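S.K.: Guided by the hints, dock chain B onto chain A, whose structure is given.
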Amino acid sequence: MESADGVRGRVSSPAEPGDARGPVSLAERTSVPASPAGYRRRWLANWYAYLFIGPSLFGVLAFLLLPLVVVLGLSLFHWELLSDPTFAGLANYRRLAADGDAWHSLWRTAVYVLLCIPLQTVLAVLLALLLNQRAKGMRFYRALFVVPWMATPIVLGLVWTWVFDPRDGALNRLLDLVGVAGPNWLSDTTWALPAIALVNIWQYTGYNMLFFLAGLQGIPQELYDAAAIDGATPVRRFFRVTLPLLNPTMFFVMVTNLIGAFQIFDTVYVMTNGGPNQSTEVLNFKIFEMAFRQFDFGYASTLSTLLFVVILAVTLVQVRFFSKRTTYDLS
Amino acid sequence: MLKRILLHATLVIGAFVSVFPFLLVVLTALKTQGQLGSTEPWLPGIPPTFANLSKLLRSGFPGYVANTLLMTAALTAGQLVFTTFAAYAFARLRFRGRDVLFWLYVATMMVPSAVTMIPLFLIMRDVGLVNTWWGLLAPYILGTPYGIFLMRQYFRSLPAGLEEAARIDGAGPLTILVRILLPLCRPAMGTLAIITVISSWNNFLWPLIITSSDDTKVLTVGLAGLKGGVGVDQNVMMAGGLIALAPMVTIFIVFQRYIVRSVALTGLK
Chain A
1 MESADGVRGR VSSPAEPGDA RGPVSLAERT SVPASPAGYR RRWLANWYAY
51 LFIGPSLFGV LAFLLLPLVV VLGLSLFHWE LLSDPTFAGL ANYRRLAADG
101 DAWHSLWRTA VYVLLCIPLQ TVLAVLLALL LNQRAKGMRF YRALFVVPWM
151 ATPIVLGLVW TWVFDPRDGA LNRLLDLVGV AGPNWLSDTT WALPAIALVN
201 IWQYTGYNML FFLAGLQGIP QELYDAAAID GATPVRRFFR VTLPLLNPTM
251 FFVMVTNLIG AFQIFDTVYV MTNGGPNQST EVLNFKIFEM AFRQFDFGYA
301 STLSTLLFVV ILAVTLVQVR FFSKRTTYDL S
Chain B
1 MLKRILLHAT LVIGAFVSVF PFLLVVLTAL KTQGQLGSTE PWLPGIPPTF
51 ANLSKLLRSG FPGYVANTLL MTAALTAGQL VFTTFAAYAF ARLRFRGRDV
101 LFWLYVATMM VPSAVTMIPL FLIMRDVGLV NTWWGLLAPY ILGTPYGIFL
151 MRQYFRSLPA GLEEAARIDG AGPLTILVRI LLPLCRPAMG TLAIITVISS
201 WNNFLWPLII TSSDDTKVLT VGLAGLKGGV GVDQNVMMAG GLIALAPMVT
251 IFIVFQRYIV RSVALTGLK
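Protein chains in written order, with my numbering: chain A, 1 to 331; chain B, 1 to 269.
Same shape as in the complex, but just chain B:
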């Protein structure tokens, strides 16, 4: 019994630590300038104020949110389409050079993005895509090796006999993929979508480097710009944080089983 109480006590404390910063965002975002200093950070300001949120909504923030939404949607769609096709080919089709190419993909999974950032910027500069939507999207929209690796693992876990009947009936690879395999891939694609949504939404360094004007500025870059701004205090910054975190927390709550499943997809039991 004592053991059980200890277990739950530890877990409650741990869970509180992991949720507390989110709580702090909400509490602080709803405080006035005066309440920031006069209340303890972990207590709410009474009465709560929406002035910080509306201040941001009257600035460039709605535009940044729209840009982030567009980027996230485009990257997720691209990732799902191109990754699925490539992973299917690697898992289920036989072609010259397949193993070498797959080895190449796995090797590029290890290439740190920090290392390729500078040359990628210079390549984009050479082809005139700096500060454009294409420049922002190009490096990720064709699918990532990690995504392909995950999807290939999943395709390989499907029984081999699935396609045979269709193949005997003369169905080509495209028909087999779309009609037979894709419906079975929904869980894996859901997981891949969630991972991509989260990483696109949170992406910072590449947008920071490649974009410079408000028409392509994303939320993370806008948020980083809040710091040190004139008249921008903790409450306003936390209001910005709330705008960025709320959609992700919602997605997490609704789709958390897909996130847990991402572990299974790596092939680790």
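The following block holds chain A by itself, in its conformation from the complex:
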């Protein structure tokens, strides 16, 4: 049963309270049938189970696993959609190795991720600490901070383009009031990517805060009391008690946010279309252009494979990092 928990199961326990000791149904306990009726029931249960998971299993196989196999396979083909695909061996990978534009967009993707994730995670933890205090109106604030999460990214792209408008936008008008001349945000190679990163930070900080808030509320007060008796300062208590005990939450938030950030597309599409001067041409946008604007599906598949490998590597590094550090099991 433990093996079924896959990646998440490797981070030990507070993350999965129900799992290790979860309820075992009657059907499980009577897994060795003693009578013909038992055999019949077991066969029936099996039959039902396959019927129940059938549709979703078809979905997983046809729309997740098959595409993954296809993309890996296609990365070995030349295919520009109008002609038939021809096997090209590693030609696409050799092209990738020498393709400065592709490495540039991987670099810009990495910069984007590094602009978003640390800031957004630190802000979310700080916000959770603020909201974890007993005071009036906390539920109201909590709700307001989460609202951005559900906003349509395409709309956010349009709204923030308007905020960043160099002449009439809210940001530069505000900067004018304090006597600062703001840059041409989205048409400036230095500022365009950070501006898009800011939209992401704005959208997800509050939602991430929810997870940290839940994590904080799961930390027993006795630990803080003990630390206080030992004379630990609040800062020390945060780094020695709070942060280590938030590891399972941190793991979940980091893994899901990094996977999302590496795939940034919508806001780039509406805000800068990859420009200016390719400064926001992140990998997922480049893949889209290669496939649906240049119709080079073979090479686009190679770029997709690159994105997959990068995301997989980053995820595995986190799994290793957190599984070493999460040794506390208080339940």
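These are calculated hints, taken from the structure and not from any lab test.
Wrong hints could be hidden among the right ones.
[Said to hold, decoys possible] So the derived label-pair ranges between C-beta atoms look like this:
{"no.": "1", "chain 1": "B", "residue 1": "P247", "chain 2": "A", "residue 2": "M138", "range": "37 to 43 angstroms"}
{"no.": "2", "chain 1": "B", "residue 1": "V127", "chain 2": "A", "residue 2": "R134", "range": "53 to 59 angstroms"}
{"no.": "3", "chain 1": "A", "residue 1": "R173", "chain 2": "B", "residue 2": "W133", "range": "21 to 27 angstroms"}
{"no.": "4", "chain 1": "A", "residue 1": "P194", "chain 2": "B", "residue 2": "P247", "range": "28 to 34 angstroms"}
{"no.": "5", "chain 1": "A", "residue 1": "L126", "chain 2": "B", "residue 2": "I180", "range": "41 to 47 angstroms"}
{"no.": "6", "chain 1": "A", "residue 1": "P118", "chain 2": "B", "residue 2": "A165", "range": "22 to 28 angstroms"}
{"no.": "7", "chain 1": "A", "residue 1": "P194", "chain 2": "B", "residue 2": "D99", "range": "28 to 34 angstroms"}
{"no.": "8", "chain 1": "A", "residue 1": "L316", "chain 2": "B", "residue 2": "L70", "range": "38 to 44 angstroms"}
{"no.": "9", "chain 1": "A", "residue 1": "P85", "chain 2": "B", "residue 2": "E164", "range": "26 to 32 angstroms"}
{"no.": "10", "chain 1": "A", "residue 1": "R134", "chain 2": "B", "residue 2": "A51", "range": "44 to 50 angstroms"}
{"no.": "11", "chain 1": "A", "residue 1": "L223", "chain 2": "B", "residue 2": "V127", "range": "52 to 58 angstroms"}
{"no.": "12", "chain 1": "A", "residue 1": "R293", "chain 2": "B", "residue 2": "E40", "range": "35 to 41 angstroms"}
{"no.": "13", "chain 1": "B", "residue 1": "V19", "chain 2": "A", "residue 2": "E80", "range": "45 to 51 angstroms"}
{"no.": "14", "chain 1": "A", "residue 1": "N132", "chain 2": "B", "residue 2": "D99", "range": "36 to 42 angstroms"}
Fair warning: this is a prediction, and the values are worked out from it, not measured in the lab.
All C-beta atoms in this analysis are idealised placements derived from N, C-alpha and C, irrespective of residue type, glycine included.
M.R.: For chain B alone, coordinates are given in the frame of chain A:
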């Protein structure tokens, strides 16, 4: 006391930052062309105008909204039905290959959708579903591994003894699911529904790739097409944004406790 004031001041500023863009959408959507330049962006244009909204409502937008509504309804219904069945089987039934299959599901949760976009398009092209409703819906309507993961966690948190009496009375898995477990699952299903509604409503890349005509064009694709359009200025774009955001904000206000609960469903305390 000072601490308390500081706390609230910080929270008020933070809350303002998180609400301001929504405010800007409303303010700008109700401004005329002239008011765009002559008023500060954060102040309302007086008198407000509904010309931008009605301009969009006379274009293809009502159709895009209808398409988005239909897509959202179909995907949410599909997700709820197929996810519930699959999650129930994984959580409460015993069958050969269960653990391997579940491991497979968890692994596919990590497969980035950006990576499968191209092959998915090519598969749809092969079976002739490009620019059709089925092509638009197929990849998501059978339920997502993430949804199944959430629901399985919830099913497992229900006490094991629940089904026993019914099982002794000879009830099959279907009866047990529908009569006994489903009524207890309402909170989890509510959360799953909200998450699915929001992600379907906001979905952009897949509809952009797979659809090309107005009968299947969804709101997000229509909105992205506004940018750079002739005679389309910030006020018109924000009017479009208002059309897209208003239903989501309403859903959020009404159902926000379900959204907060999504955290608990992941199994994180």
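S.K.: When you take the CB atoms of R134/A and A51/B, is the distance between them in 44 to 50 angstroms?
M.R.: holds (49 angstroms)
S.K.: Using the C-beta atoms of P247/B and M138/A, is the stated range 37 to 43 angstroms upheld?
M.R.: violated (27 angstroms)
S.K.: Range hint 28 to 34 angstroms: satisfied by the CB atoms of P194/A and D99/B?
M.R.: violated (45 angstroms)
S.K.: Kindly confirm whether 53 to 59 angstroms is satisfied by the beta carbon distance between V127/B and R134/A.
M.R.: holds (58 angstroms)
S.K.: CB of P118/A to CB of A165/B, is that within 22 to 28 angstroms?
M.R.: With a Cβ separation near 53 angstroms, P118/A and A165/B fall outside 22 to 28 angstroms, so the hint is violated.
S.K.: Holds or violated: the 21 to 27 angstroms window for the beta-carbon distance between R173/A and W133/B?
M.R.: violated (44 angstroms)
S.K.: Holds or violated: 41 to 47 angstroms for the Cβ distance of L126/A and I180/B?
M.R.: holds (44 angstroms)
S.K.: Lying within 52 to 58 angstroms: is that true of the beta-carbon distance L223/A to V127/B?
M.R.: At roughly 57 angstroms between Cβ atoms, V127/B and L223/A fall inside 52 to 58 angstroms, so the hint holds.
S.K.: Within 26 to 32 angstroms: is that where the Cβ-Cβ distance between P85/A and E164/B falls?
M.R.: violated (56 angstroms)
S.K.: A range of 45 to 51 angstroms was offered for this pair. Does it hold for the Cβ distance of V19/B and E80/A?
M.R.: This hint holds: roughly 48 angstroms between Cβ atoms.
S.K.: Could one say that the CB atoms of P194/A and P247/B fall in the range 28 to 34 angstroms?
M.R.: holds (31 angstroms)
S.K.: Using the Cβ atoms, figure out if L316/A sits within 38 to 44 angstroms of L70/B.
M.R.: Because 40 angstroms falls inside the window, the suggested range holds.
When each numbered hint is compared with the structure, violations occur for hints 1, 3, 6, 7 and 9.
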